[in-house]
Every structure is written in C-alpha cells, then in structure tokens.
Amino acid sequence: MKTRTLIPLVILCMLSSILYAQNTVSPVAEMATGLRSSGKIYVVVACITVIFTGIVWYLISLEKRVKKLEKKSKPK
Amino acid sequence: MKYSWWKILSVVLIFYSLIVGFLSPVPALPILHESIRNLYYHVPMWFAMIIIFLVSVVYSIRYLRTGKHEYDIKAVESVNVGVMFGILGLITGMIWANYTWGEPWSNDPKQNSAAIAMLLYFAYLILRNSIDEEQKRAKISAVYNVFAFPLMIVLLFILPRLTDSLHPGNGGNPGFNSYDLDNRMRPVFYAACLGWILMSAWLMQLRYRLRKLENEDNN
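Top to bottom, those sequences are chains A and B. Each residue of the first sequence is one higher than the one before, counting from 0 in numbering that gives the first Met the number 0. Each residue of the second sequence is one higher than the one before, counting from 0 in numbering that gives the first Met the number 0.
No lab work stands behind these hints, which were simulated from the structure alone. Hints may be right or wrong, so weigh each one.
[Said to hold, decoys possible] So the derived list for chain B, only partly shown, Cβ under 8 Å to chain A, looks like this: (1) L8; (2) F14; (3) I18; (4) P29; (5) A96; (6) R160; (7) Y189; (8) L193; (9) L205.
[To be verified] Computed cross-link-like contacts, EDC-like style, restricted to lysine to aspartate or glutamate with a CA-CA straight-line distance of at most 20 Å: (10) K67/A <-> E215/B; (11) K6/B <-> E69/A; (12) K67/B <-> E132/B; (13) K6/B <-> E62/A; (14) K39/A <-> E33/B; (15) K211/B <-> E102/B; (16) K66/A <-> E33/B; (17) K67/B <-> D163/B; (18) K70/A <-> E133/B; (19) K73/A <-> E62/A; (20) K39/A <-> E29/A; (21) K70/A <-> E69/B; (22) K67/B <-> E133/B; (23) K67/A <-> E213/B.
Here a beta-carbon is modelled for each residue, glycine too, at the ideal position from N, C-alpha and C.
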C-alpha cells in the first residue's frame with residue numbers, strides 16, 4: 000500500500016548522500032582514507048549491520064512473545 | 000497492529016545511519032578526524048533520552064490528573080528506557096572524550112551536568128522502590144518527575160552554556176552547525192535521531208506491555 004512504496008522510496012532518496020563523495024578536497028586533518036581505499040571500511044559496516052540485525056531480531060522475538068501472551072490473556 | 004509503521008521506520012532509519020554514517024564523507028577536522036561520525040551515535044542517545052523523559056513527565060501529569068494506573072506504569076517504564084539511553088550516552092561520550100579530549104572524564108560542565116541528571120532519575124527509581132503502597136508511590140513519584148524533568152533540561156542545555164565547556168555548542172565553542180553540518184552530516188544525523196527516538200518509544204511500549212501482563216498474572 001502507500002507505506003510499502005513510500006519507505007523504499009525514502010531509502011533511495013536518502014542513499015543519494017553517498018554521492019557527495021565525488022568532490023574530494025585535500026583534508027585539513029588526516030582521515031581513514033587507507034581503511035576506505037582498501038575496502039576495509041565495508042568490514043566495519045558489515046559488523047555493525049550484523050550486530051544491529053541481531054538486536055532487531057531479538058526485539059521482534061520479544062514482540063512475538065508478548066503478543067502471544069496478550070492473546071492468551073484477552074478472552075479472560 | 001503491533002508491527003507498526005513507526006517501528007519499521009525506526010529500524011530503517013537506524014540502519015541508514017549505521018551504513019551511510021560510515022560510508023558517506025564527513026568534514027576533515029583536526030583532533031576529531033573520523034570520530035566526528037560519533038555524532039550519529041552518541042548524540043542521538045541523548046535526544047532519545049530527552050524525548051522519552053518528556054513522554055514520561057506527560058504521563059506523570061496525566062496520572063496526577065486522572066489517577067489511572069496505566070499512566071503511572073507508562074511513566075515509570077519511560078524513565079527506565081530513558082535511563083538506559085542516558086547511561087549509553089554517558090559511556091559513548093566517555094569513549095569519545097578519551098580519544099579527543101585526552102581523558103574519559105574531564106569534569107566538563109556538560110559531562111558533570113549529564114551525570115547529575117542521570118542521578119536525578121536514578122533517585123526517581125529509588126524513590127519508587129521505597130514506597131510500598133501503589134497509589135502513594137505513583138503520586139509521589141509523579142510529582143518528583145514533574146520537578147526532575149525541567150531540572151534535567153536546565154542541567155543539559157542551560158548550565159553548560161553559561162561557563163567554559165569542551166562540548167560543541169557550549170561555553171563559547173561553535174556548535175556543530177559550523178562544521179559543515181548543513182550539507183553532508185545533517186540528513187544522517189536527523190535520521191539517526193528520529194530512528195533512536197522511535198526505538199525508545201518501541202522499547203517503552205514493549206516494557207509497558209510486559210509489565211501489564213505481569214501485573215495481570217500476579218492478580
């Protein structure tokens with residue numbers, strides 16, 4: 000329905016901010032360009048994505064348990 | 000519908016801040032270097048805490064006006080979630096400070112004020128624990144909450160600005176606005192804040208539903 004198309008559309012719009020990396024200026028301070036050029040930054044991103052996926056999984060499992068208990072106590 | 004749109008939105012926004020937060024370009028600043036990205040993780044903890052404490056004080060006031068027990072439960076569970084975010088904010092701030100300011104605790108006014116604000120809400124929880132009778136506990140803690148919230152606001156936003164501080168935006172330092180926050184960091188930062196605020200609401204709702212079930216079980 001509406002939200003089903005809206006949320007992916009919003010995500011696609013937000014991802015466009017990665018394109019700002021086109022302009023590179025000589026930095027005032029050293030940044031982790033090594034980590035970036037070697038592609039290791041994706042290891043960092045993968046790790047935190049896995050961690051957060053685990054947390055969200057746990058939250059959803061809690062939701063299911065609570066929902067089941069609520070259903071049980073409702074007819075009472 | 001318990002799998003609400005805002006819960007899904009919160010997960011999407013936080014994933015966005017995690018992924019794009021590390022991949023998108025940020026201003027290259029001395030001392031901070033890449034750790035400026037912690038703006039997306041440390042600061043939203045505090046915003047989530049403030050909003051959920053606001054929710055808590057609203058429920059406290061509603062309890063005082065109506066006496067409905069469920070408002071009291073929502074108030075205390077909001078404080079529980081808020082305290083968790085506050086502790087996370089303090090810890091992430093100490094980690095960040097250790098590598099940028101030289102030590103995890105520099106007695107910076109905002110750090111001290113944040114710690115005092117956390118103590119205020121710990122005291123709320125201890126106060127609740129000390130009163131056995133349900134209605135008395137709810138009333139007294141609701142009144143305490145009404146005082147604790149503005150005190151927390153003053154501690155976090157007003158006091159640090161009146162004196163020298165290491166934090167951006169306080170004590171004569173430029174806010175993060177001047178660090179090019181407009182173009183590159185703003186969307187990720189706002190997304191992270193909103194995502195974590197919605198997440199705090201989800202956590203509060205879960206705790207509240209669990210507490211309600213436990214109470215029914217006990218009765």
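Verification of the hints:
1. Evaluation of the L8/B hint against chain A yields a held restraint, the C-beta minimum of about 7 Å falling below 8 Å.
2. The closest approach between the C-beta of F14/B and any C-beta of chain A is roughly 7 Å, which is under the 8 Å cut-off, so the hint is satisfied.
3. Checking I18/B against chain A: minimum C-beta separation of about 6 Å stays under 8 Å; hint holds.
4. At about 4 Å, the closest approach between the beta carbon of P29/B and any beta carbon in chain A falls short of 8 Å, and the interface hint on this residue holds.
5. This hint is violated: A96/B has a C-beta 18 Å from the nearest C-beta of chain A, more than the 8 Å allowed.
6. Given the 8 Å rule on beta carbons, the hint for R160/B is violated: about 27 Å separates it from the nearest Cβ of chain A.
7. Violation of the interface hint for Y189/B is found here, the shortest Cβ-Cβ separation to chain A being roughly 10 Å, above the 8 Å cut-off.
8. Among the interface hints, the one on L193/B is violated; its C-beta lies about 12 Å from the nearest C-beta in chain A, farther than the 8 Å criterion.
9. The restraint placing L205/B at the interface with chain A holds, with a minimum CB-CB distance near 6 Å, inside the 8 Å limit.
10. Straight-line distance between C-alpha atoms of K67/A and E215/B comes to about 15 Å, which keeps the hinted pair within the 20 Å bound.
11. With a CA separation close to 19 Å, the supplied pair K6/B and E69/A stays within the 20 Å bound.
12. As the CA atoms of K67/B and E132/B are separated by approximately 15 Å, the hinted pair is consistent with the 20 Å bound.
13. Taking the CA atoms of K6/B and E62/A, the gap is near 11 Å; set against the 20 Å cutoff, the hint holds.
14. Between K39/A and E33/B the CA atoms are separated by roughly 14 Å; this keeps the pair inside 20 Å, and the hint holds.
15. With a CA separation close to 43 Å, the supplied pair K211/B and E102/B exceeds the 20 Å bound.
16. The hinted pair formed by K66/A and E33/B fails the criterion: a straight-line CA distance of about 42 Å is larger than 20 Å.
17. Restraint check for K67/B and D163/B: not satisfied, since their Cα atoms lie roughly 45 Å apart, outside the 20 Å limit.
18. For a cut-off of 20 Å, the pair hint linking K70/A to E133/B is broken: about 27 Å separates their Cα positions.
19. Between K73/A and E62/A, the direct Cα distance comes to roughly 16 Å. Compliance with the 20 Å bound is thereby established for this hinted pair.
20. Restraint check: the Cα-Cα separation between K39/A and E29/A comes to about 17 Å, which is no more than 20 Å; the hinted pair holds.
21. Proximity of K70/A to E69/B is assessed by CA-CA distance (about 19 Å); at most 20 Å being required, the pair is judged to hold.
22. Restraint check for K67/B and E133/B: satisfied, since their Cα atoms lie roughly 12 Å apart, inside the 20 Å limit.
23. Between K67/A and E213/B the alpha-carbon distance is near 13 Å, which keeps this suggested pair within the 20 Å criterion.
Taken one by one, the earlier hints fail for this structure at numbers 5, 6, 7, 8, 15, 16, 17, 18, listed in ascending order.
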